[in-house]
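Q: The primary structure of each chain is shown beneath.
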Amino acid sequence: MSELTGLTLKAALEGMAKGDFSSEEITKAHLAAIEASRPLNAYVVETPEKAIQMAQASDARRARGEAGPLEGAPLGIKDLFCTKGVQSTAGSMILRGFEPAYESTVTSQLWRDGGVMLGKLNMDEFAMGSSNETSAWGPVANPWRARGSNANLTPGGSSGGSAAAVAADLCLGATATDTGGSIRQPAAFTGTVGIKPTYGRCSRWGIVAFASSLDQAGPMARTVEDTALLLTSMSGHDPKDSTSLPIEVPDFASFCGKSVKGLRIGIPKEYRVDGMPPEIEKLWEQGIAWLKDAGCEIVEVSLPHTKYALPAYYIIAPAEASSNLARYDGMRYGLRVDGANLTETYEQTRAQGFGAEVKRRILIGTYVLSAGYYDAYYLKALKVRRRIADDFDQAWKTCDALLTPTAPSAAFALGEKSDDPVAMYLNDIFTVTVNLAGLPGMSVPAGVDAGGLPLGLQLIGRNLDEGTLFSLGSAIEKAADFRAKPQKWW
Amino acid sequence: MAIDAATVRKVARLARIAEPEEKLDQLATELSGILNWIEQLNEVDTDGVEPMTTAVHTTLPMRDDVVTDGGDPARVLGNAPKSANNFFVVPKVVE
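These protein sequences, in sequence, are chains A and B. Its first residue numbered 3, the first sequence is counted upward by one per residue in the working numbering. Its first residue numbered 2, the second sequence is counted upward by one per residue in the working numbering.
No lab work stands behind these hints: they were computed from the structure. Glycine included, every Cβ here is placed at the ideal spot set by N, Cα and C.
The calculated label-pair distances, taken between Cβ atoms and stated as ranges, are: (1) D26/B to W491/A: 39 to 47 Å; (2) E48/A to D26/B: 36 to 44 Å; (3) P252/A to D70/B: 25 to 33 Å.
In silico lysine-lysine, DSSO-like type, Cα no more than 30 Å apart, as pairs: (4) K11/B to K385/A; (5) K86/A to K83/B; (6) K24/B to K419/A.
With these hints in hand, go ahead and build the complete structure from the sequences.
A: Written as structure tokens, this is what we have:
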């Protein structure tokens with residue numbers, strides 16, 4: 003059975019097309035692996051009956067000659083996506099028991115193309131976190147441990163469950179979302195591939211909102227090509243999301259393996275931050291050498307406002323969150339804690355339903371939007387956001403894509419940074435600029451540190467130029483030949 | 002700018018989150034720490050810069066003003082904490 007769970011998505015699709023095994027067989031192999039993986043806490047809801055039903059329906063479709071592009075592939079779904087009739091909590095107590103009457107656009111497209119749902123994946127509460135520790139259902143443990151250590155490490159966040167499930171072979175691929183780095187940082191921490199596409203590629207309809215101008219769905223998988231296959235299914239215009247772009251979806255997989263000769267790769271000098279571990283510096287140099295060998299031209303570029311991206315993000319994202327999360331009032335769905343009057347009911351419901359980090363961000367957001375502070379904080383941050391986007395526009399005059407590290411460290415221990423919000427926020431230092439500018443960004447596993455923990459490199463592309471990222475990503479993947487797997491301890 | 006306990010109390014009230022009195026000082030310290038770190042934005046010259054509210058370069062599309070869904074109270078009320086006779090039940094608002 004283990005051979006079936008270790009396959010790439012591509013190989014699994016080919017195996018089913020050839021009739022080597024059925025969707026029911028590979029789905030059951032994954033369900034058994036999930037059942038044996040509970041110490042990881044990657045899945046918050048397992049849906050074995052639904053999975054087998056979907057797999058059988060998939061096998062029947064294939065028998066009728068109606069196989070879709072993802073026919074029969076068992077997938078994991080981040081708990082931020084609403085799934086019809088299946089508990090969807092966004093990692094929050096306030097949504098415990100919430101069973102949506104509808105399916106998110108992104109997941110409905112995966113099922114349209116033949117995907118099979120294994121269950122819902124753990125995450126930081128409302129996607130607010132970089133370590134999965136803010137989940138109401140407890141943190142996910144990274145399948146990776148440092149050599150010779152039994153300490154549990156964070157899988158990153160907020161898509162920590164997605165990352166851990168992909169790394170531990172508990173699904174062929176997973177959905178995730180990225181508001182400030184929530185796909186790319188966990189991908190780097192778990193030796194997996196993750197891409198946040200251009201803002202507007204994927205519909206946000208049916209995805210629980212965190213910061214609407216930054217939120218974007220994307221896939222995580224074990225190879226660059228697998229993420230391309232998934233992103234092609236997940237993308238596309240949706241009239242139900244007015245920010246989803248009415249444009250054609252390319253066949254992203256067709257860009258994988260394409261020559262990258264002659265592409266100009268920008269190296270942003272502001273990303274050489276103080277205190278960067280030498281191993282990450284070395285990995286970055288290695289990545290530059292690989293792309294040079296593949297025929298790319300390396301150019302130094304400047305993104306002068308980089309250091310202001312995180313502080314701007316920590317105004318904009320909480321401001322949008324405080325507005326989005328106003329809907330959790332205990333009246334129409336979710337938790338209700340009755341008080342002496344309406345206001346007290348609101349206050350008690352939200353006090354008990356939200357965790358500490360979510361409350362902290364709602365308070366910050368409420369503060370920066372309140373009378374007297376709006377111009378000084380919120381408007382200022384929106385102007386800085388423009389400066390950051392302008393930096394990228396300048397860079398695109400001399401290069402076609404950027405190469406940077408994904409995160410400033412390898413996976414850290416659970417509990418290590420949970421007492422210091424700002425230290426935790428700094429995890430997203432290399433990823434958050436991309437969300438502010440709306441650009442596509444990908445993390446590719448590129449090596450391991452001294453303790454044997456995975457490290458990732460980030461590629462950043464022009465607006466809507468995911469294709470170039472898939473070509474460059476597969477060039478790095480080929481050069482890095484990253485085959486390390488976590489040693490099973492769970 | 003430092004935030005004091007009174008400001009936290011006011012903001013928590015605006016956000017409709019009950020924060021116990023004994024937690025206000027600690028929250029004030031935490032929020033002040035974050036806001037002090039954010040203050041570095043004042044170093045950026047933003048004179049004449051247009052605020053950026055979205056990364057999408059298109060205007061919002063118009064749609065026909067027609068009813069596309071509805072008439073299904075059971076689905077709408079399916080997750081309600083309290084409901085009766087096809088209505089949400091909410092605390093009394095008017096005394």
